[in-house]
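Reassemble the complex: the two chains are provided individually, in unrelated frames, and hints are given to aid placement.
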Amino acid sequence: GQQVMQIPQYQHVQEGEDFTTYCNSSTTLSNIQWYKQRPGGHPVFLIQLVKSGEVKKQKRLTFQFGEAKKNSSLHITATQTTDVGTYFCAGRNQGAQKLVFGQGTRLTINP
Amino acid sequence: SQTIHQWPATLVQPVGSPLSLECTVEGTSNPNLYWYRQAAGRGLQLLFYSVGIGQISSEVPQNLSASRPQDRQFILSSKKLLLSDSGFYLCAWSVRQTRNEKLFFGSGTQLSVL
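One line per chain: the protein sequences are A and B, in this order.
Using the numbering used here, read the first sequence as starting at 1 and increasing by one per residue.
Using the numbering used here, read the second sequence as starting at 1 and increasing by one per residue.
This is chain B alone, in the form it adopts within the complex (with noise of 0.2 Å):
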């Protein structure tokens, strides 16, 4: 069966320092891989998304940027982060198939900058 990692699970950062969140899938091959960003009671924002190694589609400018240097691995990072970029960052997958993918979301990771 497929299953979705994602760490830390929480993360508490200084204003200005470097961010690398990780994700990886098992179980399938070629999945879209995605990076979605709720901040406290509010919806999903989506940031990035993939559909190939090396294939970023980036849904919002800023201090943030996404890599796949693998089929089943997705990285989040910044340079340096700002007091804006605390929130709840999800990592998902789908089916790369029709129109009507479902995501399976991963755990989540809290990070609060300071």
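Looking at chain A on its own, in the form it has when it is part of the complex (with noise of 0.2 Å):
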């Protein structure tokens, strides 16, 4: 079946310092999906990729959706304490109902 795997499980950085995690899938993808779950919280939608190649920005935040639409990557830059949480991509065969979610990467941030 669908397989998506992020990577990586754990990342601590220092704030100010740059951040990535990546997904993976084990099949071709109609869109991609990334959320954040804070500490104690539940899962918050930030944003959807659904073309070839598609590069989204959202503040410090960059998105990329991969040529072969199989793979996709969160970039922050210069991290701030508020970016502490779970960073899940979640992803979409085509025609498919079910949106298959990545086991999540844990930021958290040394201030």
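Since the hints were derived computationally from the structure, they do not count as laboratory data.
There may be inaccurate statements among the hints.
Partial list, derived from the structure: chain B residues whose beta carbon lies under 7 Å from chain A [to be verified]:
1) Gly43
2) Leu44
3) Leu90
4) Lys102
5) Phe105
6) Ser107
7) Gly108
Ranges between beta-carbon positions, derived for each pair [stated by the list, open to error]:
8) Ser67(B) / Gln14(A): 44 to 50 Å
9) Ser29(B) / Val50(A): 22 to 28 Å
10) Gln55(B) / Met5(A): 29 to 35 Å
No more than 25 Å apart at the CA atoms, straight line, and that leaves these computed lysine to aspartate or glutamate pairs for DMTMM-like [unchecked claim]:
11) Lys36(A) / Glu59(B)
12) Lys98(A) / Glu22(B)
13) Lys57(A) / Asp18(A)
14) Lys102(B) / Asp83(A)
15) Lys59(A) / Glu101(B)
16) Lys98(A) / Glu101(B)
17) Lys36(A) / Glu15(A)
18) Lys98(A) / Glu26(B)
19) Lys98(A) / Asp71(B)
20) Lys56(A) / Glu101(B)
21) Lys57(A) / Glu101(B)
22) Lys51(A) / Glu101(B)
23) Lys102(B) / Glu67(A)
24) Lys36(A) / Glu22(B)
25) Lys70(A) / Glu59(B)
26) Lys98(A) / Glu59(B)
27) Lys36(A) / Glu26(B)
28) Lys70(A) / Glu101(B)
29) Lys102(B) / Glu54(A)
30) Lys36(A) / Glu101(B)
31) Lys98(A) / Asp85(B)
32) Lys80(B) / Glu22(B)
For every residue, glycine included, the Cβ atom is placed at its ideal position computed from N, Cα and C.
This is the structure we're talking about:
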């Protein structure tokens, strides 16, 4: 079945450093979504990428969707303590109902 | 605006006891509804999803079941809880349109089975 792998599982950085999490699917995706879950909270939708090679930015966050639509990345420039949390990617196969989540990358920051 | 309510926020249950978690959505009609489970420090596992009243798809065979008695109500149940049922349960909804539906999650229920 469809699998979505996300690395790294954990990442600890100094405040101000950059952070990147990577997402790889075993199958070609129709779209990929990214969610953020703050400690003790619930996942909140960040963004969706649909087109091959698409790049979207939200302030210090940059999201990319691979040319083959099988991988994606989230890059945070100059992390701040408010960026702490777990970041999940989630992909959906062409024509499929189910959204498959990666295992998430937990980001902690040393102020 | 749309809101999703999930309760209770925390629950401690003995092994072998029954379970009922409820989720309701307001401000939208015909939503897709989902139950996810998150083990401590891990990812989201889809348990059930529903595209309409009485229509339930099960993703993981186990001692849990789901029901959708009304359009905007989704219930997760168990007749006898196991230790392995402990976790963070999340209800979610999405607008039923194309393939590009994003999920809106409830605040979750932390279940501890002792």
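To see whether the hints hold, each was checked on the structure:
{"no.": "1", "hint": "Gly43", "result": "holds, 4 Å"}
{"no.": "2", "hint": "Leu44", "result": "holds, 4 Å"}
{"no.": "3", "hint": "Leu90", "result": "holds, 6 Å"}
{"no.": "4", "hint": "Lys102", "result": "holds, 5 Å"}
{"no.": "5", "hint": "Phe105", "result": "holds, 4 Å"}
{"no.": "6", "hint": "Ser107", "result": "holds, 5 Å"}
{"no.": "7", "hint": "Gly108", "result": "holds, 5 Å"}
{"no.": "8", "hint": "Ser67(B) / Gln14(A): 44 to 50 Å", "result": "holds, 49 Å"}
{"no.": "9", "hint": "Ser29(B) / Val50(A): 22 to 28 Å", "result": "holds, 25 Å"}
{"no.": "10", "hint": "Gln55(B) / Met5(A): 29 to 35 Å", "result": "holds, 31 Å"}
{"no.": "11", "hint": "Lys36(A) / Glu59(B)", "result": "holds, 23 Å"}
{"no.": "12", "hint": "Lys98(A) / Glu22(B)", "result": "holds, 21 Å"}
{"no.": "13", "hint": "Lys57(A) / Asp18(A)", "result": "holds, 15 Å"}
{"no.": "14", "hint": "Lys102(B) / Asp83(A)", "result": "holds, 21 Å"}
{"no.": "15", "hint": "Lys59(A) / Glu101(B)", "result": "holds, 23 Å"}
{"no.": "16", "hint": "Lys98(A) / Glu101(B)", "result": "holds, 10 Å"}
{"no.": "17", "hint": "Lys36(A) / Glu15(A)", "result": "holds, 18 Å"}
{"no.": "18", "hint": "Lys98(A) / Glu26(B)", "result": "holds, 23 Å"}
{"no.": "19", "hint": "Lys98(A) / Asp71(B)", "result": "holds, 20 Å"}
{"no.": "20", "hint": "Lys56(A) / Glu101(B)", "result": "holds, 18 Å"}
{"no.": "21", "hint": "Lys57(A) / Glu101(B)", "result": "holds, 20 Å"}
{"no.": "22", "hint": "Lys51(A) / Glu101(B)", "result": "holds, 15 Å"}
{"no.": "23", "hint": "Lys102(B) / Glu67(A)", "result": "holds, 22 Å"}
{"no.": "24", "hint": "Lys36(A) / Glu22(B)", "result": "holds, 24 Å"}
{"no.": "25", "hint": "Lys70(A) / Glu59(B)", "result": "holds, 23 Å"}
{"no.": "26", "hint": "Lys98(A) / Glu59(B)", "result": "holds, 9 Å"}
{"no.": "27", "hint": "Lys36(A) / Glu26(B)", "result": "holds, 23 Å"}
{"no.": "28", "hint": "Lys70(A) / Glu101(B)", "result": "holds, 19 Å"}
{"no.": "29", "hint": "Lys102(B) / Glu54(A)", "result": "holds, 18 Å"}
{"no.": "30", "hint": "Lys36(A) / Glu101(B)", "result": "holds, 17 Å"}
{"no.": "31", "hint": "Lys98(A) / Asp85(B)", "result": "holds, 22 Å"}
{"no.": "32", "hint": "Lys80(B) / Glu22(B)", "result": "holds, 17 Å"}
Hint compliance for this structure: no hint is broken.
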